[in-house]
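Number of protein chains: 2
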Amino acid sequence: MNEAQTALTADRPTGHLHLGHYVGSLKNRLVLQGKHKCLIMIADVQALSDNFDNPQKVKENIKEVCKDYLAVGLNPDKCTIFVQSRVPELSELTMYYLNLVTLARLERNPTVKAELKQKDWEDSIPMGFLCYPISQAADITAFKATLIPVGEDQLPMIELSNEIVRRFNRLYNSDVLVESEAVLSDTKRLIGIDGKSKASKSLNNAIFLSDSEKNIKEKINNMYTDPNHIKITDPGTVEGNVVFAYLDAFFEDKQELVSLKKQYTKGGLGDSVLKSLLNDVLQALLKPIREKRESILDDDIEKILIDGSRAARNVSQNTLREVKEAIGL
Amino acid sequence: MNEAQTALTADRPTGHLHLGHYVGSLKNRLVLQGKHKCLIMIADVQALSDNFDNPQKVKENIKEVCKDYLAVGLNPDKCTIFVQSRVPELSELTMYYLNLVTLARLERNPTVKAELKQKDWEDSIPMGFLCYPISQAADITAFKATLIPVGEDQLPMIELSNEIVRRFNRLYNSDVLVESEAVLSDTKRLIGIDGKSKASKSLNNAIFLSDSEKNIKEKINNMYTDPNHIKITDPGTVEGNVVFAYLDAFFEDKQELVSLKKQYTKGGLGDSVLKSLLNDVLQALLKPIREKRESILDDDIEKILIDGSRAARNVSQNTLREVKEAIGL
Chain A
148 MNEAQTALTA DRPTGHLHLG HYVGSLKNRL VLQGKHKCLI MIADVQALSD NFDNPQKVKE
208 NIKEVCKDYL AVGLNPDKCT IFVQSRVPEL SELTMYYLNL VTLARLERNP TVKAELKQKD
268 WEDSIPMGFL CYPISQAADI TAFKATLIPV GEDQLPMIEL SNEIVRRFNR LYNSDVLVES
328 EAVLSDTKRL IGIDGKSKAS KSLNNAIFLS DSEKNIKEKI NNMYTDPNHI KITDPGTVEG
388 NVVFAYLDAF FEDKQELVSL KKQYTKGGLG DSVLKSLLND VLQALLKPIR EKRESILDDD
448 IEKILIDGSR AARNVSQNTL REVKEAIGL
Chain B
148 MNEAQTALTA DRPTGHLHLG HYVGSLKNRL VLQGKHKCLI MIADVQALSD NFDNPQKVKE
208 NIKEVCKDYL AVGLNPDKCT IFVQSRVPEL SELTMYYLNL VTLARLERNP TVKAELKQKD
268 WEDSIPMGFL CYPISQAADI TAFKATLIPV GEDQLPMIEL SNEIVRRFNR LYNSDVLVES
328 EAVLSDTKRL IGIDGKSKAS KSLNNAIFLS DSEKNIKEKI NNMYTDPNHI KITDPGTVEG
388 NVVFAYLDAF FEDKQELVSL KKQYTKGGLG DSVLKSLLND VLQALLKPIR EKRESILDDD
448 IEKILIDGSR AARNVSQNTL REVKEAIGL
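Just so you know, the sequences run in chain order A and B.
Throughout, the numbering used here is defined as the position within the first sequence, counted from one, plus 147.
Throughout, the numbering used here is defined as the position within the second sequence, counted from one, plus 147.
Don't read these hints as lab results, they were simulated from the structure.
Some hints could be false.
[Claimed, not checked] Using C-beta positions, here's what the derived DEER-type ranges look like:
1) A:Gln464 / B:Glu469: 47 to 57 Å
2) A:Gln464 / B:Glu299: 19 to 29 Å
3) B:Glu328 / A:Lys264: 22 to 32 Å
4) B:Asp447 / A:Gly475: 18 to 28 Å
5) A:Arg255 / B:Asn201: 21 to 31 Å
6) B:Lys260 / A:Glu386: 52 to 62 Å
7) B:Glu299 / A:Ser347: 42 to 52 Å
[Said to hold, decoys possible] To give a feel for the contact side, a few chain B residues facing chain A, derived at Cβ under 10 Å:
8) Leu237
9) Glu239
10) Leu245
11) Ala251
12) Lys260
13) Ala261
14) Met274
15) Phe276
16) Asn316
17) Tyr319
18) Val323
[To be verified] For lysine-lysine, the following DSS-like pairs were computed, each having C-alpha atoms within a straight-line distance of at most 30 Å:
19) A:Lys343 / A:Lys204
20) B:Lys471 / A:Lys210
21) B:Lys210 / A:Lys471
22) A:Lys422 / A:Lys225
Don't be surprised by glycine CBs; every beta carbon is placed ideally from N, CA and C.
Using the sequences and the hints given, assemble the complete structure.
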């Protein structure tokens, strides 16, 4: 990574951001915004592709996600926060890229395949959903982003985007579009408080950055631990124990954590002591975030999004002009 | 049809326009431009969906198609002539409509099915091609067009567009989008000079509006007639005889035509006499068109397209704003 690179990250505005976003992505963006040209997209058009029947949810969460960004310390002076639907050039680029990808290629995409299976649409796949990887390629290339911090499940998307880049440049004898590189996070996915799967808005098993002190405490109290650890003196299991997963992610005294795990495994350490420790850790992390969040005015959010979207348009207008020139239009 | 309606017609700029366009569509537009609000779109984005590997062809023919329009008498003071790629709102609308159509629905579209079969893409259908009916729905609805003059093969497209309109209005509890009505031409498709299929740019069996006097004469001389009509005295067949098909379409003395057909059927009328008559008829029709065409300056064309595209944008921006408001963005 050198100084001249552009990083693009995005969130679908379908709910408030949670601790899973914090460890998996937001913390990393705090580092990126100091080092690289950094664009952060609130992907409302993409969110609509599987929430078209509930646009209200998408609309409301544009503001909420932006608040979460600012609350954790993302700084509009250091990064460009913008709304996808306010950059129409992304739709135009998508139209031109649609010609460069076949139906068979999209249907082979492992991420799309897994998502389709999960969604159970069977025979009624909306075209918008099927096409969203192409729209993502438009997002990436519009800004000539070279660094795309993603989870492993998103690698096929970057691959497809780079295929489009190569195909475009070859077909139109051009060097307008730039390939990007996936930057994999080295943090593990944060598990949900139910211990069943990753923390997720849709499964409602996450601790949100905007949760109240009381909410956080309740969620910690309800965390899945070791169902066989009944008496304090029973030996307990660390593996799959949500409280330990969260301490791994958020408790900074790693030495102390090692000794707590030993003690828990041997027997003699109660869940309530651990949960109380985790509560202290998370309340300390989330209190300033929540307080900053509450201090942000809706008008300020709107101004940030207007300015950011304008800046994003400036860049994408240039790319679109180059793309149309390369095609010859 | 009442006065307040809007008619949308379009051509894909993949070649010069020919007599098939003239009888099938351009003549009708000359009537429409006096009666209705009339939009004429040069569909370059759509043309790219199956010419993405030959954009030069599309680019060059934007100007040529516009010249053909003006040459036949379409008048920019009475109708709006515009270029699809210069109205980005059409791409944005397409993105929102993609969510409202399933893959299965598109694959069932008889026109798409027939075209796919013809193109022989097999397993590599470009998404742009598969999605073009959705893009057409964006074209139609962007201008709230209610009258769509089309051939019978395009009826499934209008049907799909109206489905999108109804689904959008129901889903977003809106009345923003307006259904359109196909207006079928009562003229038969003009056959190609080879007698094998309809006159078509891609089959190179058409007489173009821009053909030279010499070219026209040669094409008429090469027209398929009746292969069994060898001697003048032989009885001839009118059915499937290209010269008669063209006389049907362009010779105005219908009484004389009936008597010529009789004579030909009985025997005693030579192909060369008929071809000479057809040559007179077509030269008389095409000479003023060709002369007008040659008098048009490229700069004038560009100005008409700039003005027309600006006017089209104004309308489509309004619709897009209403659409985004209805969705809630």
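Okay, the hints, checked on the actual structure:
1. Between Gln464 of chain A and Glu469 of chain B the C-beta distance comes to about 24 Å, which lies outside the given range of 47 to 57 Å.
2. Evaluation of the 19 to 29 Å hint for Gln464 of chain A and Glu299 of chain B yields a failure: the beta carbon distance comes to about 41 Å.
3. Range check, Glu328 of chain B to Lys264 of chain A: Cβ separation about 41 Å, and the 22 to 32 Å hint is violated.
4. Range check, Asp447 of chain B to Gly475 of chain A: about 22 Å between beta-carbon atoms, so the 18 to 28 Å window is met.
5. Distance hint check for Arg255 of chain A and Asn201 of chain B: the Cβ-Cβ separation is about 27 Å, which falls inside the suggested range of 21 to 31 Å.
6. Range check, Lys260 of chain B to Glu386 of chain A: Cβ separation about 54 Å, and the 52 to 62 Å hint holds.
7. In this structure the hint that Glu299 of chain B and Ser347 of chain A lie 42 to 52 Å apart at CB holds, the actual value being about 50 Å.
8. Interface restraint check for Leu237 of chain B: the shortest CB-CB distance to chain A comes to about 8 Å, inside 10 Å, so the restraint holds.
9. Hint status for Glu239 of chain B relative to chain A: holds, with the closest Cβ pair at about 5 Å, below 10 Å.
10. The beta carbon of Leu245 of chain B is positioned within 10 Å of a beta carbon in chain A (closest approach about 4 Å), and the interface hint is therefore held.
11. Among the interface hints, the one on Ala251 of chain B holds; its C-beta lies about 5 Å from the nearest C-beta in chain A, closer than the 10 Å criterion.
12. Given the 10 Å rule on beta carbons, the hint for Lys260 of chain B is violated: about 14 Å separates it from the nearest Cβ of chain A.
13. Checking Ala261 of chain B against chain A by beta carbon gives a least distance of about 17 Å; that is not within 10 Å, so the hint is violated.
14. Against a cut-off of 10 Å between C-beta atoms, the interface hint on Met274 of chain B holds, since the closest Cβ of chain A lies about 4 Å away.
15. For Phe276 of chain B, the interface hint holds, the least distance from its beta-carbon to any beta-carbon of chain A being 7 Å, beneath 10 Å.
16. For the restraint placing Asn316 of chain B at the interface with chain A, the shortest Cβ-Cβ distance is roughly 14 Å, beyond the 10 Å limit, so the hint is violated.
17. Taken as an interface hint, Tyr319 of chain B checks out: its beta carbon lies about 7 Å from the nearest beta carbon of chain A, inside 10 Å.
18. At its closest, the beta carbon of Val323 of chain B sits 14 Å from a beta carbon of chain A; the interface hint therefore is violated under the 10 Å criterion.
19. As the CA atoms of Lys343 of chain A and Lys204 of chain A are separated by approximately 25 Å, the hinted pair is consistent with the 30 Å bound.
20. Restraint check for Lys471 of chain B and Lys210 of chain A: satisfied, since their Cα atoms lie roughly 17 Å apart, inside the 30 Å limit.
21. Taking the CA atoms of Lys210 of chain B and Lys471 of chain A, the gap is near 17 Å; set against the 30 Å cutoff, the hint holds.
22. With a C-alpha separation of about 37 Å, the suggested pair Lys422 of chain A and Lys225 of chain A falls outside the 30 Å cut-off, and the hint is violated.
Violation of the numbered hints given earlier is confined to hints 1, 2, 3, 12, 13, 16, 18, 22; the remaining hints are satisfied by the structure.
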